[in-house]
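S.K.: Okay, here's what each chain looks like letter by letter:
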Amino acid sequence: MSDRDPVGRRSFLGFLGLAGLSLAGGSRRGVSDLLPFLKGPDDPEVPNEIVQKIMGERFGSREIKRGHVTLDMPPLAEDGRVVPVAIESDLPMTPDSYVKAVYLIVDHNPDPLVTVFHLTPAFERVKIETRIKMKRTCWIRAIVETSNDELWADYMKVETTLNGCG
Amino acid sequence: MAETGKAKIVIPDRIQQGDAIRVQTIVQHPMDTGFFRDANADLIPPWFINDVRVLYGDTEIARFEWTSGISKDPVVTFMLRADREAPLTFVWRDNKDREYRSAIDIKFGT
Numbered sequence: 001m002s003d004r005d006p007v008g009r010r011s012f013l014g015f016l017g018l019a020g021l022s023l024a025g026g027s028r029r030g031v032s033d034l035l036p037f038l039k040g041p042d043d044p045e046v047p048n049e050i051v052q053k054i055m056g057e058r059f060g061s062r063e064i065k066r067g068h069v070t071l072d073m074p075p076l077a078e079d080g081r082v083v084p085v086a087i088e089s090d091l092p093m094t095p096d097s098y099v100k101a102v103y104l105i106v107d108h109n110p111d112p113l114v115t116v117f118h119l120t121p122a123f124e125r126v127k128i129e130t131r132i133k134m135k136r137t138c139w140i141r142a143i144v145e146t147s148n149d150e151l152w153a154d155y156m157k158v159e160t161t162l163n164g165c166g
Numbered sequence: 001m002a003e004t005g006k007a008k009i010v011i012p013d014r015i016q017q018g019d020a021i022r023v024q025t026i027v028q029h030p031m032d033t034g035f036f037r038d039a040n041a042d043l044i045p046p047w048f049i050n051d052v053r054v055l056y057g058d059t060e061i062a063r064f065e066w067t068s069g070i071s072k073d074p075v076v077t078f079m080l081r082a083d084r085e086a087p088l089t090f091v092w093r094d095n096k097d098r099e100y101r102s103a104i105d106i107k108f109g110t
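Line by line, the protein sequences give chains V and F.
Here this note's numbering is used: the first residue of the first sequence is 1, the next is one more, and so on.
Here this note's numbering is used: the first residue of the second sequence is 1, the next is one more, and so on.
Simulated from the structure, these hints should not be mistaken for laboratory data.
Check the hints yourself; a few may be wrong.
Listed below are the simulated BS3-like cross-link pairs for lysine-lysine, each with C-alpha atoms no more than 27 Å apart in a straight line [said to hold, decoys possible]:
hint, chain 1, residue 1, chain 2, residue 2
1, F, Lys96, F, Lys72
2, V, Lys127, F, Lys6
3, V, Lys127, V, Lys65
4, V, Lys100, F, Lys8
5, V, Lys127, F, Lys8
6, V, Lys127, F, Lys72
With the C-beta cut set under 7 Å, the calculated list includes, among others, these residues of chain V facing chain F [said to hold, decoys possible]:
hint, residue
7, His68
8, Leu71
9, Val114
10, Val116
11, Phe117
12, His118
13, Arg125
14, Lys127
15, Glu129
16, Ile132
17, Cys165
In this text, a Cβ means the ideal position worked out from N, Cα and C, and glycines have one as well.
Taking the hints into account, I'd like the entire structure generated from these sequences.
M.R.: What follows is the structure, given as structure tokens:
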């Protein structure tokens, strides 16, 4: 997983999306409907009260901006019991400025806040890999929190068929 | 189940001071969600690791909040700045308050 280049892949898919736009002259929403694994033009809607509550408790009213973090997952996860996740960030890890937490939210899991990684500058950079369970197809949110309390996010919709949560 | 808590930590063979090293860990644990049933149709009670602490020497360098949404036999991989020779210790604790511990020495040189 570490040897893959998610940025390169994303850029390429983004290029495909743009090409589709110019050819069809349609809206970006139209393009993302055709290619459901592409990120939508806007941030995904908060899907339910549980996710709303988690985000309220953890982030308050702080703005969550896109950027500085890359969530890499298979667009189609055959087995919801074991879905690989890689979260990377280009944010610095120095004593003055670092990523203090990485949140992973799976919108339609029974317990959507699957994990929080609390970090320190002992980490050389944010490049964390693990494996998670998914109940069904939904949006995944990777949100990083800096030592200055800024929030950066990346989102991905992952399709799954086999329920991994029970 | 006898193997629950058996863990492995993998770091590079050769480390120079200041290197960014890839740390890989796996710990054996069922990570039961509490929603699945056994062969007798009885619910298997939730049993999962919910707290992970990473110590470099005596310093806690990370703490992970986990739920049963982490896959069975959890793995985690990250990049550590190897700036001193010290043991790297993982302490996994589950919702039954059982604690599992594993450590590896970070040493410099060939």
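S.K.: For every hint, state whether the structure bears it out.
M.R.: Hint check:
no.	hint	in the structure
1	F:Lys96 x F:Lys72	16 Å, holds
2	V:Lys127 x F:Lys6	25 Å, holds
3	V:Lys127 x V:Lys65	19 Å, holds
4	V:Lys100 x F:Lys8	26 Å, holds
5	V:Lys127 x F:Lys8	20 Å, holds
6	V:Lys127 x F:Lys72	21 Å, holds
7	His68	16 Å, violated
8	Leu71	15 Å, violated
9	Val114	4 Å, holds
10	Val116	4 Å, holds
11	Phe117	5 Å, holds
12	His118	4 Å, holds
13	Arg125	5 Å, holds
14	Lys127	5 Å, holds
15	Glu129	4 Å, holds
16	Ile132	6 Å, holds
17	Cys165	5 Å, holds
The structure is inconsistent with the numbered hints 7, 8, although it conforms to all the rest.
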